[in-house]
Each structure stands twice: as C-alpha cells, then as structure tokens.
Amino acid sequence: MIMPYRLTSTIIGVSIALTILFLVRKDYIHVRHTLWWFLLAIASIIAGAFPNVVDRIAWFFGVNYPPTLFFSLGFAALFLKILKMDIELSKQEKEIKRLIQRIAILEKRDRGSED
Amino acid sequence: MIVIIPACNEERTIRQVVENVWRQIGCPIVVIDDGSTDDTAIEAFRGGAIVISHGRQLGAWTAIQTGLLFARHHRIFPVVTLDGDGQHEVEDISLLLEVYRKTGAHVVIGSCPDRASWMRKGAWSFLRFLTGLPVIDLTSGFRLYSKEAIEILTSKEALLLDYQDIGVLLILAKRGLSIVEVPVRMYERKAGHSRVFSNWGTVIRYMIYSSIFGISKRSL
Numbered sequence: 001m002i003m004p005y006r007l008t009s010t011i012i013g014v015s016i017a018l019t020i021l022f023l024v025r026k027d028y029i030h031v032r033h034t035l036w037w038f039l040l041a042i043a044s045i046i047a048g049a050f051p052n053v054v055d056r057i058a059w060f061f062g063v064n065y066p067p068t069l070f071f072s073l074g075f076a077a078l079f080l081k082i083l084k085m086d087i088e089l090s091k092q093e094k095e096i097k098r099l100i101q102r103i104a105i106l107e108k109r110d111r112g113s114e115d
Numbered sequence: 116m117i118v119i120i121p122a123c124n125e126e127r128t129i130r131q132v133v134e135n136v137w138r139q140i141g142c143p144i145v146v147i148d149d150g151s152t153d154d155t156a157i158e159a160f161r162g163g164a165i166v167i168s169h170g171r172q173l174g175a176w177t178a179i180q181t182g183l184l185f186a187r188h189h190r191i192f193p194v195v196t197l198d199g200d201g202q203h204e205v206e207d208i209s210l211l212l213e214v215y216r217k218t219g220a221h222v223v224i225g226s227c228p229d230r231a232s233w234m235r236k237g238a239w240s241f242l243r244f245l246t247g248l249p250v251i252d253l254t255s256g257f258r259l260y261s262k263e264a265i266e267i268l269t270s271k272e273a274l275l276l277d278y279q280d281i282g283v284l285l286i287l288a289k290r291g292l293s294i295v296e297v298p299v300r301m302y303e304r305k306a307g308h309s310r311v312f313s314n315w316g317t318v319i320r321y322m323i324y325s326s327i328f329g330i331s332k333r334s335l
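Those protein sequences? They're chains A and B, same order as listed. Residue 51 in the working numbering is what sits at position 51 of the first sequence, and the numbering runs on without skipping anything. One gets the working numbering by counting positions in the second sequence from 1 and adding 115 to each.
These are computed hints drawn from the structure, not numbers from a lab. One or more of the hints may lead you astray.
What the hints assert, rightly or not - Per label pair, the in silico range of CB-to-CB distance:
id, chain 1, residue 1, chain 2, residue 2, range
1, B, 290, A, 30, 35 to 45 angstroms
2, B, 275, A, 30, 19 to 29 angstroms
3, A, 24, B, 218, 53 to 63 angstroms
4, A, 39, B, 243, 46 to 56 angstroms
5, A, 60, B, 313, 32 to 42 angstroms
Stated by the list, open to error - Straight line, CA to CA, 30 angstroms or less: simulated DSBU-like cross-link-like pairs of lysine-lysine:
id, chain 1, residue 1, chain 2, residue 2
6, B, 332, A, 91
7, A, 91, B, 271
8, A, 26, A, 91
9, B, 332, B, 289
10, B, 236, A, 84
11, B, 289, B, 236
12, A, 94, B, 262
13, A, 81, B, 271
14, A, 84, B, 289
15, A, 94, B, 332
The beta-carbon is built from N, C-alpha and C at its ideal position, and this holds for glycine as well.
Isolated chain A, as found in the complex (with noise of 0.2 angstroms):
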C-alpha cells in the first residue's frame, strides 16, 4: 500500500513536535527556540490532516497545483528560519568578542602586576 501524502505529512508534524519536546527534556535546546518549530509541526499537522486548508489557500493564491504551494511556503519557512540562526550567530560571535577582550584586559600583565 501507498501512503497517502496526507498521512507522511502528519506523521512528520507529529516527529517534528514529539523530538523537540524530547530535546527541551534533555536540555539540549532552550525552549525559547522552540516556538518555530512547533508552527512548523502543527502546519505540517493541519496540511496532513485537513488538506482541504492546503487546497483553499493554494486556490486563493492562484496556485493550481496545491503541493507546490507546500513546497514553496515549506522553503521559504526554513530559509527564513536559517537567515535569523545567521543573524543570532554574528550577534553571539559579537558578545564573545567583547568578553573575550574584557577578560583580556582584566588579566593584563605589566611590570607592576609581577613581582
């Protein structure tokens, strides 16, 4: 038997849902990032389970082929999710910076810091 795309879809929202709750449990993810990918988990959720929602919104956008529409909202959800993880990384790579030299200039040594 075939599984309907429906039927993938759901049981990946499901995944998607159930492994970020078993990251938040062995503290390896804060759960202020979490949020993201539970948006991603219930939509990937309603598109399984209600397709007609996927069917409505593709029609509205003038998308004949509902799937694509998945697709390419499915994109532009993890490029969007990528370009802020980008953003987040300078802004830490900056705060470590700074630590770094604060440390640096606290742990100086001149010649009247020796004996």
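Model the placement of chain B on the given structure of chain A, informed by the hints.
Showing chain B alone in chain A's frame:
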C-alpha cells in the same frame, strides 16, 4: 599618548620594536597578543610593554580594538597603532603626532603605497572605487586615532570587522570624522607575513567579502 601593537607569533621582532618605541618615544606601550603560540607575550613583556593576551585568536582588527578599549578605559589619547614585525619606522610616530596636532584630524594614516605589489595596488583602487573612500593606503596598520575616533571604534558596531581596512575607515567616514594621510617609510617585514596577501585563497576571499561589505556600507 599610548602605542598599541597587535601581535601574533612575532617573538623574533616584538621585543626590538617595543624597546625602540620606549627609547625614541617613551610613552606607554600595549602589546595585544592575539592568540600567539610562541613567546610573543613574554618577549613583549621583557621589552617593557603592558601585555594583554586574547585567549584565542580574534583577528588583527579585534586586537587593535582591545588596545583602543584599554586606552579608553584609562583615558589615554591619542593612540598610535604599529605592527609588531618591524615594518614601520618608529621615528615616524612623531610625524603622525605632528600632523595630528597641526591639522586636528581625527585619524592620521601613515601611508606607504610604494610597498604594494601591482596586485595589491589593483585591489586598493578597486575598493576605493567601490567605497568612495578618499584614502590611498587602505590597509596600513600605522595609524593615529584621536579620542573621537576611539569612542566610535570601540563600539560593538565595529566588532564584526576582521582587518583595520575599509570597514574601519567606512565607519569613521560615515560619522563625518576627518582622515588625513601622511607618507612614511616602511620596511620589508622581518618576520611573519601579511594576514591578507599571503596566498591566493585568502586574497580572493578577502576581495569578495570586502566588495560585498563595501557595497553594503556605501553612503547613499
């Protein structure tokens, strides 16, 4: 005044440079040891410098910025930056200082375009064209920074820069600070090599990133 020398694995030359500054200028010297794996820190200390060691390598510009932070904390202005490889003529520090006093410029760049290969000159003209910066020697590490310049350059905004080149100059130019160039002598590096112009891979990467940076930061 205070002299700041960023250094990474320059144990062979750093002490000489520090002692020269002591003898000829006689002002406090801070060596920022940027993650050296050799005895750069010890040699600098023996020469009489205040030594600030980054626990890991943060890049040439961030090392200078640490020195600027130090100067700002202790309210010592202006700051002269110098390379630790003996490339710059210590005597010329007074030249930079003189120009600074006469012109009141916020930044004085000790410039020596003659040292550049055709490739580097080409890179400079291209970046000059992209950024609209009126500076000939874009990468000189021999500079004087005034209090105003230091206050801007120690901000977090300047923490994502890697080299003391167009990024730094663009930030200063955007804030309307005046930049003056003065010709100085420069020697062949006694040790080490340019952090940028060392091999084709880094040059290409440097040019790509600098171009993107220059275009994004251009004044509109």
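Hints and how they fare:
| no. | hint | in the structure |
| --- | --- | --- |
| 1 | 290/B with 30/A: 35 to 45 angstroms | 36 angstroms, holds |
| 2 | 275/B with 30/A: 19 to 29 angstroms | 24 angstroms, holds |
| 3 | 24/A with 218/B: 53 to 63 angstroms | 60 angstroms, holds |
| 4 | 39/A with 243/B: 46 to 56 angstroms | 47 angstroms, holds |
| 5 | 60/A with 313/B: 32 to 42 angstroms | 56 angstroms, violated |
| 6 | 332/B with 91/A | 18 angstroms, holds |
| 7 | 91/A with 271/B | 10 angstroms, holds |
| 8 | 26/A with 91/A | 26 angstroms, holds |
| 9 | 332/B with 289/B | 9 angstroms, holds |
| 10 | 236/B with 84/A | 37 angstroms, violated |
| 11 | 289/B with 236/B | 24 angstroms, holds |
| 12 | 94/A with 262/B | 22 angstroms, holds |
| 13 | 81/A with 271/B | 24 angstroms, holds |
| 14 | 84/A with 289/B | 27 angstroms, holds |
| 15 | 94/A with 332/B | 18 angstroms, holds |
Hint violations for this structure: numbers 5, 10, all remaining hints satisfied.
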